[in-house]
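Trainee: First to last, the sequence lines map onto chains B and C.
Per the numbering used here, the first sequence starts with residue 1, numbered consecutively.
Per the numbering used here, the second sequence starts with residue 1, numbered consecutively.
These aren't lab readings, by the way, just hints derived from the structure by calculation.
Mixed in with the good hints there might be a few duds.
Straight-line distance between alpha carbons at most 27 angstroms, and here's what the computed BS3-like set of lysine-lysine pairs gives [as the list claims (entries may be wrong)]:
id, chain 1, residue 1, chain 2, residue 2
1, C, K60, B, K193
2, B, K170, B, K193
3, B, K148, C, K4
4, C, K44, C, K108
5, B, K170, B, K112
6, C, K79, C, K60
7, C, K60, C, K108
8, B, K112, C, K60
9, C, K60, C, K44
FRET-style restraints, in silico, Cβ to Cβ [unchecked claim]:
id, chain 1, residue 1, chain 2, residue 2, range
10, C, P46, B, R153, 46 to 56 angstroms
11, C, R7, B, S144, 18 to 28 angstroms
12, B, W34, C, A133, 24 to 34 angstroms
13, C, A40, B, A143, 47 to 57 angstroms
Backbone N, C-alpha and C define an ideal beta-carbon position, used for all residues, glycine too.
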Amino acid sequence: MHRYANPARFLRIARVATPLVALIGLALTAAGLWIGLFDSPPDYQQGESVRIMYVHVPAAWMGAGGYLSLAIACATALIWRHPLATIAARAIAPAGAAFTAICLASGSLWGKPTWGTYWVWDARLTSMLVLLFLYLGYLALSASEADKGGEARGASILALVGVINLPIIKYSVEWWNTLHQGSSISVVNASSKIAPELLTPLLLSGAGFAFLFGAIVLMRMRAMLAQQRVDARSRRMAEALA
Amino acid sequence: MKAKHQRLWLVVGALVALGGAGALAFSTLGEKATYFFAPADLAKGPAPTDAIRLGGMVEKGSIQRNGETIRFVVTDMQKTVPVTYTGILPDLFREGQGVIAEGRIDPKTGEFTADTILAKHDEQYMPPEVAGAMKKTGGVSAGG
Numbered sequence: 001m002h003r004y005a006n007p008a009r010f011l012r013i014a015r016v017a018t019p020l021v022a023l024i025g026l027a028l029t030a031a032g033l034w035i036g037l038f039d040s041p042p043d044y045q046q047g048e049s050v051r052i053m054y055v056h057v058p059a060a061w062m063g064a065g066g067y068l069s070l071a072i073a074c075a076t077a078l079i080w081r082h083p084l085a086t087i088a089a090r091a092i093a094p095a096g097a098a099f100t101a102i103c104l105a106s107g108s109l110w111g112k113p114t115w116g117t118y119w120v121w122d123a124r125l126t127s128m129l130v131l132l133f134l135y136l137g138y139l140a141l142s143a144s145e146a147d148k149g150g151e152a153r154g155a156s157i158l159a160l161v162g163v164i165n166l167p168i169i170k171y172s173v174e175w176w177n178t179l180h181q182g183s184s185i186s187v188v189n190a191s192s193k194i195a196p197e198l199l200t201p202l203l204l205s206g207a208g209f210a211f212l213f214g215a216i217v218l219m220r221m222r223a224m225l226a227q228q229r230v231d232a233r234s235r236r237m238a239e240a241l242a
Numbered sequence: 001m002k003a004k005h006q007r008l009w010l011v012v013g014a015l016v017a018l019g020g021a022g023a024l025a026f027s028t029l030g031e032k033a034t035y036f037f038a039p040a041d042l043a044k045g046p047a048p049t050d051a052i053r054l055g056g057m058v059e060k061g062s063i064q065r066n067g068e069t070i071r072f073v074v075t076d077m078q079k080t081v082p083v084t085y086t087g088i089l090p091d092l093f094r095e096g097q098g099v100i101a102e103g104r105i106d107p108k109t110g111e112f113t114a115d116t117i118l119a120k121h122d123e124q125y126m127p128p129e130v131a132g133a134m135k136k137t138g139g140v141s142a143g144g
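So here's chain C without its partners, still in its complex pose (with noise of 0.2 angstroms):
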């Protein structure tokens, strides 16, 4: 077998072995490398006591304003969570659309008090007049 050949192998095998081995970190990695929890993955363990990351979807109707203070559901249309917020919301904060609120839940009440709310943008990209026609034609649902 040629120099070349032998290097050849032991790069293939090498990058090979590199794989197997970043799967399996990666496999014990899991939940820990997720950037926030849905309220169904909240809803399958006990109500966690340090401070989380909230996502999914604002539900339609639900959002209440009193002041300064935001009340609203967060929805993974499995389950929802109600979050209370005090402060100002990023731009894209709306009905509809998905959002990541940071702070704590109440074990007794299982509410969500919020820290920091991120607004999530989804990959959809359209000019607002053909999300106005899809919205009319029930295409898509008010951008989700």
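Isolated chain B (complex conformation) (with noise of 0.2 angstroms):
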């Protein structure tokens, strides 16, 4: 792990990984979206709007993982210091973040048509919501703190005292009655409550999404590296001129 964390070497995977994993994230979610959105049959029950979920299921999903990816970086930069998880999280947030948003607004309107409402105060949607927040929290903290040329470590607490709302997010559906639905998919039993026509597209855009999320952090990581040698030189610079 730490022969990756060198920043000079990050940079050099990165280099020929993101365009890859860009590419793979595109290819996956155009088949997943065609499938999903015109080769497809309706659900039984829903009709036609059932085709949302092959856009906000793996947004869910990229919000909750995105959200232990920015736990586990911002753990290691608390523990191990390395500048280079600092950089990960920041980095990983603001993707977060904007999955976690796609789930919300995708899901209303889902709502409306299926439930008869854009939003009630359920244990599923609250949890997502909170979730939302923690994301916003942790950016508005960092920031504050890259200003004033900290190490954001504040922030990083905030995002491993958040972890809590994962598993409730998770569970939600089984501890307290809500309007929304239970899991359809089990990873522990290998079944989903999904018919085949409909769990290919779920499946396939999900994968998609996440090369996406791969793809979104290590370009804003190159970015982020890269504006640390610019700030770098120009400091050099300014000192050899002065």
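Now that you have both chains on their own, put them together as the hints suggest.
Mentor: Below, the structure written as structure tokens:
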């Protein structure tokens, strides 16, 4: 792990990996959404509005999965003080927040025709909104700490405290009565309550979103490392001129 | 012990403590975070006088329409509550499907008057042909 935490080595690998990851992500997302929107049957109850699922569910996975990776990066930054971990965390947070917002917005649009309401304060919807606020809190705090030249330690602690929200999101539909339906896919039992014709595009776009998420994080990390070099060079030049 | 090991244990310890605190908080939160009550939950205690949400399945064959007003029975397969509602229903409202009614229960008659009706969707997703075929073989109870 330490081998890859070296920024120079990371940049060499990332330069090759970024376009590859982005292309795989685009291809899988395009395939998943094409099948999902044009080449799969409607649902027996929801009709055509089931197609919102092909965006909503992968976005939810990215929101929650992105938060887990944010927390891991923050823990690594706090414990091992790796500068690359802090950069990774700052790169992950806006992407995770964006996917969480997409999840909330698309879910709301699905809720109106299906449930008869855009929003309710049930445990699943509320905990997902809390996830968005945790992302926004991390972003605001790390930005203000970065302005002061700090390592965003307070923001990292906030991100770690927020991890408690992840099991709440996952199990909200089991622990409490909610308007949101229960889980359709069980990883533990490798089973699903979604018919194969509808599951295939969902899994394709899910994998596509994951690769796109990775590509966004790699791009942002490279840009942030480049910015650091620019800052360091202009500082040196200013000192040489003075 | 190296400084980074100290920090590792500090983070692990803090997360364990946080998890414990969270578990305690949620065990006391209990029913307060629940979005709706099932008919069996209501049968346990005295009828609440506040506005509540009632959730369950629309019992088959229980829907009676009278102009704008609809009467039906919500069941959780253990207990039932009769509901009346006047207004527009969501598209997914149908017999054998999940429903959530917001309103008040009459403590004398036990009848529930709803101000809002929300349809609840279940976690089954399938094409209409499959659902039709399964209904014929009795694999799924009208999409329940």
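Trainee: If a hint holds in the structure, say so; if it does not, say that too.
Mentor: The hints, checked one at a time:
1. K60(C) - K193(B): holds, 23 angstroms
2. K170(B) - K193(B): Given that 27 angstroms is the threshold and the Cα spacing comes to 17 angstroms, the pair holds.
3. K148(B) - K4(C): Within the cut-off at roughly 24 angstroms; holds.
4. K44(C) - K108(C): holds, 16 angstroms
5. K170(B) - K112(B): Holds: K170(B) and K112(B) sit about 23 angstroms apart, inside 27 angstroms.
6. K79(C) - K60(C): holds, 14 angstroms
7. K60(C) - K108(C): holds, 25 angstroms
8. K112(B) - K60(C): holds, 25 angstroms
9. K60(C) - K44(C): Holds, because 24 angstroms separates the two Cα atoms, which is no more than 27 angstroms.
10. P46(C) - R153(B): 46 to 56 angstroms: holds, 52 angstroms
11. R7(C) - S144(B): 18 to 28 angstroms: For S144(B) against R7(C), whose Cβ atoms are near 23 angstroms apart, the range 18 to 28 angstroms holds.
12. W34(B) - A133(C): 24 to 34 angstroms: holds, 27 angstroms
13. A40(C) - A143(B): 47 to 57 angstroms: holds, 50 angstroms
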